[in-house]
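Position 17 of the sequence shown, counted from 1, bears residue number 17 in the working numbering, the numbering being contiguous throughout.
Be aware that one or more of the hints could be misleading.
Using 20 Å as the maximum straight-line C-alpha spacing, the simulated EDC-like pairs for lysine to aspartate or glutamate come out as follows [what the hints assert, rightly or not]: (1) LYS27 - GLU46; (2) LYS25 - GLU6; (3) LYS16 - GLU6; (4) LYS25 - ASP5; (5) LYS25 - GLU46.
Restraint ranges, calculated between C-beta atoms of paired labels, are given here [unchecked claim]: (6) LEU55 - LYS16: 44 to 54 Å; (7) MET39 - THR9: 11 to 21 Å; (8) SER43 - ASP5: 23 to 33 Å; (9) HIS7 - LYS44: 18 to 28 Å; (10) THR58 - THR21: 50 to 60 Å; (11) MET1 - GLU46: 18 to 28 Å; (12) THR58 - ILE36: 37 to 47 Å; (13) PRO56 - LEU14: 35 to 45 Å; (14) LYS25 - ILE57: 45 to 55 Å; (15) LEU55 - ASP22: 47 to 57 Å.
Keep in mind the hints are simulated off the structure, nothing from the lab.
All C-beta atoms, glycine included, are put in the ideal place defined by N, C-alpha and C.
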Amino acid sequence: MQLADEHITEFQMLYKKHYGTDISKAKALEKGIRLIRLMEIVSKHEAKKETTPTLPITN
1 MQLADEHITE FQMLYKKHYG TDISKAKALE KGIRLIRLME IVSKHEAKKE
51 TTPTLPITN
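From just these sequences and the hints, can you work out the full model?
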């Protein structure tokens, strides 16, 4: 997976704004890819929850 240079630069700016620290392009790429992978996992889980029928709980 690869990110466009403008997305890496934007990630660096957002990171600095949030944490007050600069990160290298390589570190921004690594963290950006990890964030994308996390979001893919979460969205797949949410999609699965929406399509999986739930049965009522009875005691």
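Let me make sure I understand: some of the numbered hints might not hold for this structure. Which ones are they, in numerical order?
Result: hints 1 and 5 break, sorted rising.
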